[in-house]
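Enquirer: Chains A and B, in that order, are what the protein sequence lines are.
Residue 31 in our numbering sits at position 31 of the first sequence; the count goes up by one each step and never skips.
Residue 1187 in our numbering sits at position 187 of the second sequence; the count goes up by one each step and never skips.
The set of hints was computed from the structure by calculation and includes no laboratory data.
Keep in mind the model is a prediction, meaning the values are calculated, not measured.
Note that CB positions come from ideal geometry on N, CA and C, so glycine has one too.
Careful: at least some of the hints might be erroneous.
As the list claims (entries may be wrong) - In silico DSS-like pairs for lysine-lysine, Cα to Cα no more than 25 angstroms straight-line:
id, chain 1, residue 1, chain 2, residue 2
1, A, LYS2, B, LYS1101
2, B, LYS1236, A, LYS260
3, A, LYS219, B, LYS1236
4, A, LYS260, B, LYS1101
To be verified - Some residues of chain A that are not near chain B, with every Cβ distance over 12 angstroms (derived):
id, residue
5, ASP54
6, CYS88
7, ASP216
8, LYS219
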Amino acid sequence: MKKGLRHLIIYVLLILLALFMMGPFLWLLSVSLMPGRNVFANPPAILPTFIAFDNYVQVWEFMDFPRYIINTVVITLLGVVFNIFLSCLTAYPLATFRFRGRNLVFTLLISTMIIPSATAMIVHYLTIQAFHLGNTFLGVVLPAAVSVFNIFLMRQTFLGIPTDIRDSGKMDGASEFRIFVQLVMPLVKPGVAVIGLLEVMAFWNNFLWPIVVLDDPQKYPLAAALTYLNGQFSYNFGWIAAGTMISVLPIIIVFLFTQKYYMEGIAGAIKG
Amino acid sequence: MYKAIRSESFAAWAFMAPGLLFLAIFTFWPIIYGIPLSLTDYSVITETHFVGLDNFTRAFQDHNFLISLWNSLVYVLVVPVIQIISILMAILVNSRIPGVKMFRAAYYIPVVTSMVAVALIWSWLLGNNGVVNYLLLKVGILSEQVSWLSTSSTALYVLMFITMWKGLGYYMMLYLAGLQGIPADLYEAARVDGAGPLRLIIHVTLPLLRPHILFCTVISVMGAVRVFDEVYILTKGGPGTSTLTSSVYIFQKGLEQFNFGYASALGLIVSVMVAALSVLVFRLNRRGGVNTY
Chain A
1 MKKGLRHLII YVLLILLALF MMGPFLWLLS VSLMPGRNVF ANPPAILPTF IAFDNYVQVW
61 EFMDFPRYII NTVVITLLGV VFNIFLSCLT AYPLATFRFR GRNLVFTLLI STMIIPSATA
121 MIVHYLTIQA FHLGNTFLGV VLPAAVSVFN IFLMRQTFLG IPTDIRDSGK MDGASEFRIF
181 VQLVMPLVKP GVAVIGLLEV MAFWNNFLWP IVVLDDPQKY PLAAALTYLN GQFSYNFGWI
241 AAGTMISVLP IIIVFLFTQK YYMEGIAGAI KG
Chain B
1001 MYKAIRSESF AAWAFMAPGL LFLAIFTFWP IIYGIPLSLT DYSVITETHF VGLDNFTRAF
1061 QDHNFLISLW NSLVYVLVVP VIQIISILMA ILVNSRIPGV KMFRAAYYIP VVTSMVAVAL
1121 IWSWLLGNNG VVNYLLLKVG ILSEQVSWLS TSSTALYVLM FITMWKGLGY YMMLYLAGLQ
1181 GIPADLYEAA RVDGAGPLRL IIHVTLPLLR PHILFCTVIS VMGAVRVFDE VYILTKGGPG
1241 TSTLTSSVYI FQKGLEQFNF GYASALGLIV SVMVAALSVL VFRLNRRGGV NTY
């Protein structure tokens, strides 16, 4: 009986919290399904009187969503590939090799975490212009092509690989690179999945830097296009709600399907 | 043996070269280049001059910059609130009851969605005829509508609330990982000694979470000082200067008005302050002597 009561209290608290955390999204969903402009009604309509997909159809016809989705996917893919490739390569020697300068590299990496570069974006802007990468997807992706956080995370993962593997590869006469690609990388797939997911979310949601780099709004990713939609159609709630749902759903779906790895990775990142 | 070490050293640098190259250009270079840039009046429009420390003396006389620093400092007040609530959430979702994983995922969804979407949703909810006003009026907490985001006295706190709401799930997960690392027999032992739930939290959970509290506090302090997205999307610093935080001000000076030199100087000042602040947080936490890092 006492246990039952305890469970009841916990469930009530969990549900109240869920309403607080999820409520705004559910309301957004509800607004996006409301026909016409009854969002402006006073008192505000919280539930739609009848459900209609008009907003989705109209906003999809008005905004070139397929284009923005393709832009977002291209930027995200580029960003994820760069990050996986570069952070694995950089983290591997830091975890397994003995060499002079190892501590120096490590100290340098840590120092970037302590000194935040508020000016970074300005210098990035100048750098990207100097490379003539303004208004290109590469210009959007490169400044975030590798992150110190990902290097740490991968180093953590590589540390968990037994050293025998590298030794056995050497006995067979394999080069360091071959050992890395054929023997070590297959063992760190979970770590790669985690940094991949982290970057999918980061690039998918990025809006400010793309707006700074890209002059042409036709190249905007979804999140940036959304600010555009909001600026132009602040009077049309239903459309913006539908547009926002369209931009948010893919990432929520990805998250729900991969949450196990993702959450373990986030949690594991600070255990080191 | 010597040769083996040398070839290993060569391989190591070869592996790291691409990554270090990118870090050099996009992580170290902005830190280094910001310094000379801050000593000039560089802007795209006019000729560049060396101005010495002018930008810095100007900064400390710049009323808006000082306000932005103050606002950023006020923003840090969100940190303890986030920590307390997310620890309580973590304790709650650490319960072994059916369906609890579903709730964890639900609480995490604000973290994975874009700030653009989150800001849009809250700007409607908080609007004059929005749901928040409606509910608060109905319950009787408010006697008249408040335009939360366009009133100077409330706007900054509303932004802090949104930052908190979006971040809770993230910190909850970090604390949950910490909680799951606490051996169950510690709780058993305390329970045998007659400790109630509250004492268990104060005497077992919190001391053992110390390293996590340190980590989360440092990253959320940095996050709060550097806060940009929600402010930029929702208020752009307004009304007036009531929500002008340092990042927004630097962005305005730099990438909107193209005063790169001045903006770099401001960025440098803020960077030094953030570094000092994080060292302070580390010190405060180290005083207790429990530190696994």
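Enquirer: Decide, hint by hint, whether the structure agrees.
Expert: Hints and how they fare:
1. A:LYS2 to B:LYS1101: 23 angstroms, holds
2. B:LYS1236 to A:LYS260: 37 angstroms, violated
3. A:LYS219 to B:LYS1236: Holds. A:LYS219 to B:LYS1236 sits at ~24 angstroms (cutoff 25 angstroms).
4. A:LYS260 to B:LYS1101: 10 angstroms, holds
5. ASP54: At about 19 angstroms from chain B, A:ASP54 clears the 12 angstroms cut-off, so the statement holds.
6. CYS88: Violated, since 9 angstroms does not exceed 12 angstroms.
7. ASP216: 17 angstroms, holds
8. LYS219: 17 angstroms, holds
Going through the hint list in order, the structure does not satisfy hints 2, 6.
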